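Protein chains in written order, with my numbering: chain A, 2 to 372; chain B, 2 to 372.
Read the hints as simulated data drawn from the structure, not as lab findings. One thing to keep in mind: the hints can contain errors.
The list cannot tell twin chains apart, which means a pair is met if one copy fits it or any two copies do.
Unchecked claim - Under the rule of at most 30 Å between Cα atoms (straight-line distance), these lysine-lysine pairs were calculated in the DSS-like manner:
1. Lys219 with Lys165
2. Lys315 with Lys183
3. Lys72 with Lys8
4. Lys341 with Lys109
5. Lys211 with Lys109
6. Lys131 with Lys341
Predicted model only: the values in this text are computed from it and were never measured.
Number of protein chains: 2
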Amino acid sequence: MFEYKVKKQSKNSSLRTGVITTSHGEINTPVFMPVGTVGAVKTVAPWELRELGAEIILGNTYHLYLRPGEKLIKKFDGLSSFNHWNGPILTDSGGYQVFSLGAGKKTKSGENLVKISEDGVEFKSHLDGKKHYFTPEKVVDIQLAIGSDIIMPLDVCPPSLASKPEIEKAVRLSTEWLKRSKKHLDSKKLKNKPALFGIVQGGIFPDLRKYCAEEMIKLDLPGYSIGGLAVGESQAEMLKIVIQLDSILPKDKPRYLMGVGTPDDILKATKLGVDMFDCVLPTRMARHGVAYLLSDGDKFRELNLLQSNNREEKSTIDKNCQCLVCRGGFSRAYLHHLIKEKEILGIRLLTLHNLHTYINLMKRIRKSVDK
Amino acid sequence: MFEYKVKKQSKNSSLRTGVITTSHGEINTPVFMPVGTVGAVKTVAPWELRELGAEIILGNTYHLYLRPGEKLIKKFDGLSSFNHWNGPILTDSGGYQVFSLGAGKKTKSGENLVKISEDGVEFKSHLDGKKHYFTPEKVVDIQLAIGSDIIMPLDVCPPSLASKPEIEKAVRLSTEWLKRSKKHLDSKKLKNKPALFGIVQGGIFPDLRKYCAEEMIKLDLPGYSIGGLAVGESQAEMLKIVIQLDSILPKDKPRYLMGVGTPDDILKATKLGVDMFDCVLPTRMARHGVAYLLSDGDKFRELNLLQSNNREEKSTIDKNCQCLVCRGGFSRAYLHHLIKEKEILGIRLLTLHNLHTYINLMKRIRKSVDK
Chain A
2 MFEYKVKKQS
12 KNSSLRTGVI
22 TTSHGEINTP
32 VFMPVGTVGA
42 VKTVAPWELR
52 ELGAEIILGN
62 TYHLYLRPGE
72 KLIKKFDGLS
82 SFNHWNGPIL
92 TDSGGYQVFS
102 LGAGKKTKSG
112 ENLVKISEDG
122 VEFKSHLDGK
132 KHYFTPEKVV
142 DIQLAIGSDI
152 IMPLDVCPPS
162 LASKPEIEKA
172 VRLSTEWLKR
182 SKKHLDSKKL
192 KNKPALFGIV
202 QGGIFPDLRK
212 YCAEEMIKLD
222 LPGYSIGGLA
232 VGESQAEMLK
242 IVIQLDSILP
252 KDKPRYLMGV
262 GTPDDILKAT
272 KLGVDMFDCV
282 LPTRMARHGV
292 AYLLSDGDKF
302 RELNLLQSNN
312 REEKSTIDKN
322 CQCLVCRGGF
332 SRAYLHHLIK
342 EKEILGIRLL
352 TLHNLHTYIN
362 LMKRIRKSVD
372 K
Chain B
2 MFEYKVKKQS
12 KNSSLRTGVI
22 TTSHGEINTP
32 VFMPVGTVGA
42 VKTVAPWELR
52 ELGAEIILGN
62 TYHLYLRPGE
72 KLIKKFDGLS
82 SFNHWNGPIL
92 TDSGGYQVFS
102 LGAGKKTKSG
112 ENLVKISEDG
122 VEFKSHLDGK
132 KHYFTPEKVV
142 DIQLAIGSDI
152 IMPLDVCPPS
162 LASKPEIEKA
172 VRLSTEWLKR
182 SKKHLDSKKL
192 KNKPALFGIV
202 QGGIFPDLRK
212 YCAEEMIKLD
222 LPGYSIGGLA
232 VGESQAEMLK
242 IVIQLDSILP
252 KDKPRYLMGV
262 GTPDDILKAT
272 KLGVDMFDCV
282 LPTRMARHGV
292 AYLLSDGDKF
302 RELNLLQSNN
312 REEKSTIDKN
322 CQCLVCRGGF
332 SRAYLHHLIK
342 EKEILGIRLL
352 TLHNLHTYIN
362 LMKRIRKSVD
372 K
């Protein structure tokens with residue numbers, strides 16, 4: 002099941018709060034979805050995710066298909082049971098990974114690693130180089146086996162510096178594939194049907210974005226993703242497209258800005274009517290020793306704990322933060338030491354802090370509307 | 002402060018329960034002490050250690066001296082505050098690390114990495130090759146700065162295959178250094194004086210062990226460690242020395258079998274009157290994908306979760322285990338997947354299980370006496 006209701010619309014901007022209901026639970030929007038590529042949010046246990054207040058996590062279809070394979074996951078009643086998260090899950094389609102891990106790259110014999118046809122896409126596993134073939138229908142089937150609550154259609158993700166004709170082709174093919182995905186999903190008799198979102202492509206070209214969005218809206222989908230952003234363009238370029246799509250996409254459907262972003266990106270995009278976000282930054286930056294903290298009011302800054310000025314610093318990451326790490330009084334000096342020693346505990350503590358910061362940001366945003 | 006009281010003596014063996022009281026808290030013996038080399042038990046947060054029922058953890062003087070340095074730790078009121086464990090801490094003397102990381106190894110120019118004199122030992126940091134010098138007095142001072150509750154004297158740890166004359170020399174020097182350590186500690190006026198244990202050396206030679214133990218007992222120390230075991234000898238050889246020392250060491254002082262061991266080693270050594278154990282096995286084996294589980298009764302076996310027969314296995318590691326991972330229902334298949342993907346969460350979950358197994362073994366042993 003899938004239901005979305007706007008709870009309250011801000012009077013000052015397109016910001017709104019809402020509730021998504023799935024068979025695995027409710028999700029309050031705007032929401033940040035921690036990324037669990039291979040079925041685990043890096044370093045974080047499911048009970049910690051729940052304590053952090055996460056309401057939905059992401060899985061990556063490409064990775065889960067390759068290992069452990071969707072057949073195995075189905076035997077365990079879906080990813081949410083397999084990994085004991087026991088809550089709502091969204092999976093991407095694998096399109097982004099297929100293209101980002103292989104597009105433009107060639108084998109030693111000069112063969113393209115990724116071959117797109119009208120029917121689907123052939124690619125080589127980044128694990129062992131074996132050939133695989135994705136069609137829109139197959140990707141829906143994989144996500145059904147994974148048991149996701151929200152699924153994405155196979156799409157063509159051109160590189161960030163692609164020419165307009167390339168992006169135009171990607172838009173056309175992604176729209177065709179979305180239609181096939183929907184048709185395939187509609188043909189299934191299922192007790193719990195996941196929600197298939199459309200992914201609006203079109204790079205930074207407003208005419209292509211408009212065309213793509215309008216074509217997809219015709220399909221009356223339960224939600225709309227904005228793809229092909231956060232791939233190297235400036236924040237201003239990204240937000241320009243988000244502003245445009247805010248005026249085109251239906252107000253009664255959730256909008257998901259894929260792969261975005263920094264706390265500042267998210268704060269700004271929620272004011273432009275975006276409801277859902279996912280990003281590897283809080284977990285990845287933790288692995289690099291970086292914590293996010295509020296500097297003043299709504300401004301976030303990055304604190305690099307590896308820097309030597311933290312060596313003797315007794316203060317916590319953020320004196321106003323209520324996460325386990327800051328509230329627990331762990332000093333920057335101890336975190337500096339752990340990160341320097343490459344101790345996993347250091348990465349864990351920074352990950353907990355960063356995810357808390359992201360999830361807490363969403364709570365504050367929702368509260369600013371619902372107050 | 003340091004106090005040890007025998008609680009109950011078993012009638013069937015030398016097994017006994019006891020309580021050690023330190024200024025950081027009480028420790029019920031026999032006890033397993035998780036190893037936190039650089040100030041963190043690998044992958045485990047301090048609140049998790051408390052939940053697991055750990056009552057004391059280890060720190061390594063050698064590592065902490067090199068990074069972050071004992072001066073920094075002192076500024077944070079000792080390791081137990083710095084790392085937020087807030088409980089009792091035992092530190093080794095660094096002797097073992099100095100010798101195991103450098104003994105017998107030579108620099109490119111043919112120089113010995115470790116140079117022993119009557120006064121102390123010169124060694125090179127494994128981090129940057131810089132020269133350092135340890136004396137018995139300096140090592141006491143470092144451990145005072147670290148703020149340990151139980152400290153070890155600098156000792157000479159010959160390699161496992163050393164000749165009897167080499168071990169004889171090590172015994173003589175270790176005994177001298179222990180006397181200097183005690184004298185140095187006794188000269189300090191401190192509110193909270195840590196307990197200095199003697200470390201009985203002597204390899205697998207009963208005459209050397211006897212001599213060493215008797216010399217050290219003359220110093221009337223608060224506790225006695227058994228060093229130089231678990232370095233390659235058989236379990237039978239190790240237990241033979243433990244049996245011998247059980248008849249020599251005073252009954253009213255705790256005995257600490259350094260670096261031991263497997264659950265089976267520990268089970269057997271407690272019956273020979275050993276009260277304290279530390280070992281990297283539960284954390285290290287977790288990083289290699291191995292879990293310890295009870296197979297029947299008191300028999301433990303190793304379960305390698307990387308093995309492919311776990312790929313689709315729905316059962317937990319150990320159906321009788323009450324750890325977060327087993328009680329939580331995490332399947333062997335999911336753990337297999339995480340370990341295979343090198344996901345930190347996999348190492349974490351196995352570490353939690355293994356530490357629970359070790360700590361729970363000690364609880365069961367204590368219960369068998371106190372019942």
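Quick rundown of the hints versus the structure:
1. Lys219 with Lys165: within (24 Å within a copy, 87 Å between copies)
2. Lys315 with Lys183: neither (55 Å within a copy, 33 Å between copies)
3. Lys72 with Lys8: neither (38 Å within a copy, 56 Å between copies)
4. Lys341 with Lys109: Answer is between: at 28 Å across copies they meet the 30 Å cutoff, but 38 Å inside does not.
5. Lys211 with Lys109: For Lys211 and Lys109, neither the intra-copy (40 Å) nor the inter-copy (68 Å) Cα distance is at most 30 Å.
6. Lys131 with Lys341: Between copies, since 18 Å is at most 30 Å while 38 Å is not.
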